[in-house]
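Chemist: Given the structure of chain A, go ahead and fit chain B with the ligands onto it with the hints provided.
Here the protein sequences line up with chains A and B, keeping their order.
Residue numbers 0 to 265, in numbering that gives the first Met the number 0, belong to the letters of the first sequence in order.
Residue numbers 0 to 624, in numbering that gives the first Met the number 0, belong to the letters of the second sequence in order.
To be clear, the hints were calculated from the coordinates, so they are not data collected in a lab.
It is possible that some hints are incorrect.
[Claimed, not checked] Partial pick of chain B residues on the chain A-facing surface, computed with a CB cut under 8 Å:
1. A92
2. R171
3. Y186
4. N280
5. P287
6. L422
Just so it is clear, CB atoms sit at the ideal spot from N, CA and C, and this is done for glycine as well.
Chain residues, written in single-letter form:
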Amino acid sequence: MYGVGILKGLGVTIKHFIDTYVDDIRYAGRKYMRQENFEVRQGLKAQGAFTVQYPEEKIAVPERFRFVPFLIVDDADHPERPGHDWCTSCGICAKVCPPQCIWIVRGENPQTGRPIPEPEAFFIDIDICMNCGYCSEFCPFDAIKMDHDYELASYDRTGAHIHDKQKLSKPFSYWRTIAPTTAAEEAEARGGWEHTDVIKERKKAEAAAAKAAKAAAQAEQAEAAPEAEAQSEQDAEAAKAERLRKREAALARNRARKEQENQNDE
Amino acid sequence: MADQTINSEALKTGDISAAVDYLKAQYPDAISDDTREGYNGIIIARDQLVEVARAMRDDLGFDYLSNAAAVDYLGIEDSMEMVYHAYRTSGGAALAFKAQTPRAQAEIPSLIEVWPGADFQEREAYDLHGIAFPGHPNLRRILLWDGFDGHPLRKDWQEAYYEEDHKPFESRWPKGFVRRAEELNIYGKNVKYPADLDLNSLADTSEESVYANMGLGVDVQQLDNGDELQTDKLVVNLGPHHPSTHGVFRMVVTLNGETVEKLEPVMGYLHRNHEKIGERNAWLHNMPFTDRLDYISSMSNNLGYALAVEQLLARGARYQPPTYRAEVVRVLMVELTRIVNHFWAIGFLLNDLGAFFTPALYAINERELILDFFEAVAGSRMMCNYMRFGGIYKDLPERIHAVANLVNDKMRDYDTMDYLVELINERIPRAVDQLDQYLTDSEIIRARTIGVGYLPKEMAIAYSAAGPLLRASGVSYDVRRADPYSIYPELDFDVAVRYNGDIYDRYLIRLDEMRESLRILRQLLPRLEVTHGEPIMPGGKQGPYMPRVPIGESYGHVENPKGELGYYVVSAGDAKGTQNPWRYHVRAPSFINLTALGQMCRGHKVADIVAILGSIDIVLGETDR
Ligand code: SF4
Ligand code: SF4
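Pulled out of the complex, with its shape left as it was, chain A reads as follows:
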């Protein structure tokens, strides 16, 4: 019979229409009020249209959500290095960035001219950033992370859309609030909540302390404690110097190789 198909289709439409208002009745006009209602309305039990009333309502985005990256710095109340950058300006993110929108000026020691593991400047052109997440995925120091703040529209494209270091930097505690699970996983991989360097330093200090304690214990037996302590301090100093030297050597090698490559290219 002609028209049956259309009637059936209209039946579906009416069902959708009614479904959309079931929630209003169920929550007696408080559909938009409570968090639990929201969760139902926006989940698998949702019925009818489930439009979100943006900007009155905003869905909290899942932890892995990625938008323009930010840089992690230590919290202002960090005991050892408040406000210190986690970034060591290693340059990996700038290389792995597909549209090449990260610009990093590597820090230099003004006296020696040698590179130091801190960025002097850090820019991300957010007009070019494609929010791919590679920078945070491949940063070996967990220093750059994808943000959840997506409301970045502004009237001034030329000035406001190149984020500099100041604008990019957010405290570590912020990262822990927006992505607690991920942050915990990363901390586990690093071996602690701190930056890798801090953890290493601490471990070293602990090892040194343990060594010192052991030495002290031995020294107590031999009744020569003061000397041993001095010794362990010297050890730590020497180790630090050695590390610095090795790092410099590696950097020099890198530079040499780069130059070599450049020459080869020419």
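Modeler: Frame of chain A, contents of chain B with the ligands only:
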């Protein structure tokens, strides 16, 4: 005679090496093996290319030309080459063959009379590589406009603001003092025109000049005194600013009265030279760019590219294939993507039929829930960037969980597996059934779609149509079965086929495919449980950020929701393996499926064009690349 027929039957189903042997016996001077390191297939002397191709099609049964791509080997061999991948619609691996030409005066005979599906692909090679195809009836630029200077995919072509040959750029680190590209690329000085272009002609907006180079051969307006009725014959532009053409697609239609006589698609409005960008990029850089091809189905775009590069990587010494867990998650994502895409396609087909937005919005309801899942897993709803060489980015999270902060306050928190189970077992099937109930029997839809936009089986194959468009014409060709990849061989599903080749069947087949995808997804759920916690990358380690890829070529193709998506990649130049692809070509189903559009529209009314276009289901991000 009898044994000869048996013999020829055997030839048509024999394996690739038998086919190659046959061709070598038939054309001993024309064919040589491709012996370059990491290459396979045969090289055919270009003067005999058409003959050999015909033998491939007629004697050997390679009736389907999937891919035709040009490569410029400047600096390596100083030649250019066309690479073709022909398949049998009955299934099996590709017969890859190549034809070479010197770079100056590059010319390769057109294969359009053997496989009409070569039409757009040859025009693309002409446009972007500057290879001429004698024998092609309509050899004009296809993606770029006529006033474009040069052929951008030639290795010696540089854009107006040229930074460096390859990423990563030196200027970003360690002395990365930021610059905006437009400071160096001044507006007004960033365009070059070819020497023979008359710039004044650009200001001429008369209709004649607009259509002059379309090769349409009609006056813009003329009277047709044919039969009883006197009708106006005129040329009409549909699009680019037409809602059903996505705002970036144009069809120049020659009408006789209300009937379509000829239709010429014009594309390229969204062209960004994806492939040139891809050849500048490092291997991994390309992954998020593939998201932007068919932006409705980024997950499966990712998979195709990952497969192509993994084939190359597999030639290296320390290669480990993806883990089982990774494969399961990959297929999960890809099949969910298929459902997303078909919901979208059906919804918007109805838009094109005039049922404005009600069906579209019903259809994308469930899509939202799938995208929520993608967002929780991959970090983005549409630009997923989820696959990596050798695996995936991250395993599924335990919970789909959000934390409220200053900007976003309403939160949600679900268990991932519960969410998936309910989605796959309840929510999506219900939605598919509802859509079925809503639309399938509707008299209006049947009247508008049955018998409209007919594409016969032979023509669908000849035009290299792919995906639902091909299968709705009665060809049961699906890459997942014909040339299987990932874990599809162990999964139980049928290739959906419909036989009438009209819009209605293209709509029905999408419903069928969604149901088949659901079947696959149900089989994946227990697999996800079993593999829970297993590594997602070989050895549980993150892949390198600048992988070096061994020399060679590879063609990775997948059954995308819109059809066969292929990536032809070449790694060349550096013996240690290169950081950047030498060639990165995308066989875009949306692009090639349009080859048959003109044929399908002929004889129908203007209003049907829009519906026929909608039934192909294109995405301009992929068409124009
Ligand atoms: S990868 Fe991490 S540590 Fe290295 S420069 Fe980038 S943000 Fe800094
Ligand atoms: S998210 Fe991607 S595009 Fe954006 S800065 Fe990071 S690597 Fe670059």
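Chemist: When the structure is checked against the list of hints, which entries are broken? Sort them ascending.
Modeler: Going through the list in order, the structure violates hints 1, 3 and respects the others.
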